[in-house]
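Visitor: Protein sequence lines, in the order shown, are assigned to chains L and W.
For the first sequence, the numbering used here gives the first residue as 1, with consecutive numbering after it.
For the second sequence, the numbering used here gives the first residue as 1, with consecutive numbering after it.
What the hints contain is simulated information worked out from the structure, not anything from laboratory work.
Any given hint might turn out to be false.
DSSO-like cross-link-like pairs, simulated, lysine-lysine; straight-line CA separation at most 30 Å [to be verified]:
#	chain 1	residue 1	chain 2	residue 2
1	W	65	W	46
2	W	115	W	105
3	L	71	L	3
4	W	92	W	120
5	W	115	W	65
6	L	56	L	71
7	W	65	L	133
8	L	178	L	156
9	W	9	L	133
10	W	9	L	3
11	L	90	L	133
12	L	56	W	9
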Amino acid sequence: MTKGMLGRKVGMTQIFNEAGEAIPVTVLEVGPCVVLQVRTPDRDGYEAVQLGFADKPRRLARRSERGHVAKLNSKRSRSRTAAGVELLPKAGCEPKRFVREIRGSAGDAQIGQELNVAVFEGVAAVDVASVSKGRGFSGVMRRHNFSGQRASHGVKKVHRHGGSTGNNTFPARTWKGKRMAGQLGRENVTIRNISVVRIDSENNLLMIRGGVPGPNGGYVVVRETNKVG
Amino acid sequence: MTNGAKQRKGQDLIRLVEQSSLKPEPPQFEIGDTVDVHTKILEGDKERIQIFSGVVIARSGAGAKEMFVVRRIVAGEGVERKFPVHSPRIDKVVVTRSAVVRRAKLYYLRDRVGKAVRLKERRK
Chain L
1 MTKGMLGRKV GMTQIFNEAG EAIPVTVLEV GPCVVLQVRT PDRDGYEAVQ LGFADKPRRL
61 ARRSERGHVA KLNSKRSRSR TAAGVELLPK AGCEPKRFVR EIRGSAGDAQ IGQELNVAVF
121 EGVAAVDVAS VSKGRGFSGV MRRHNFSGQR ASHGVKKVHR HGGSTGNNTF PARTWKGKRM
181 AGQLGRENVT IRNISVVRID SENNLLMIRG GVPGPNGGYV VVRETNKVG
Chain W
1 MTNGAKQRKG QDLIRLVEQS SLKPEPPQFE IGDTVDVHTK ILEGDKERIQ IFSGVVIARS
61 GAGAKEMFVV RRIVAGEGVE RKFPVHSPRI DKVVVTRSAV VRRAKLYYLR DRVGKAVRLK
121 ERRK
């Protein structure tokens, strides 16, 4: 299957390599992940493996979430079985907090199979996708690196404004895509081609060079990099 | 509440990761000590030891990220170098003199010149 896993950002530190250089590393707790579903071209029109990471307490999980990972004795399942419909196989695990699909060939992945960080053994670089830290509604100086205006020389109460947003008679409107103030952060960000520094299979830790988006404790999707060259 | 517990667990994992980068016996010295820092320098393919001696004026960070700052006066100009405590390139740190100091950061030495730079020696 395509090498991909779900995990959590633990934090950053530095470690020394053989040459004595300090390497900045982000520590990710990757796995164990359970295969919840396998998407096939016949049934779903595409190939992927659906993984789940981090148990969700049953008191927090909806019934639909429990039914997604394990067989439930529900009225619908009974009636479907009675009608002779074969129900989809289930992983038979606890409900998961973080569920994502890894696109690509499913290979020999089995539903209910548990994966750990060892899948990245021999992988030189990975792509990491996560939700960046939210900075709320931010002005143009912070959001788009505008220069703002002068502190004095007649500037009045517009020191951090973006200035004009367009022309006059033509086009008599503001162009689409004009950079303005708005939500900054809390968006999906993928950092590609991060080199793998070390793998600790015992503790399910993956150490990669440099930073990844999002807060410590935030969920991340780690895939073998698709960047060529 | 549960978040706090998770955070602690994260710190434990960080400590675990740093373990491999820590020296079994980190160099022992204190703020205000005059030290000789023996650093390994690679010249071509030959390794050589270079000594930087001066006063330890600050220490910061923890675990593998711990650093210390050594200040000395070279040709009338103050020179500071910051070293990682656990760097494998630091061979050893030899304390040549200890001083009586009352704070953790001796940044006030930067504003002093000449005789005022001296610190009162601490006899053991």
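Visitor: Starting from the hint list further up, note which numbers the structure goes against and sort them upward.
Guide: 5 and 11
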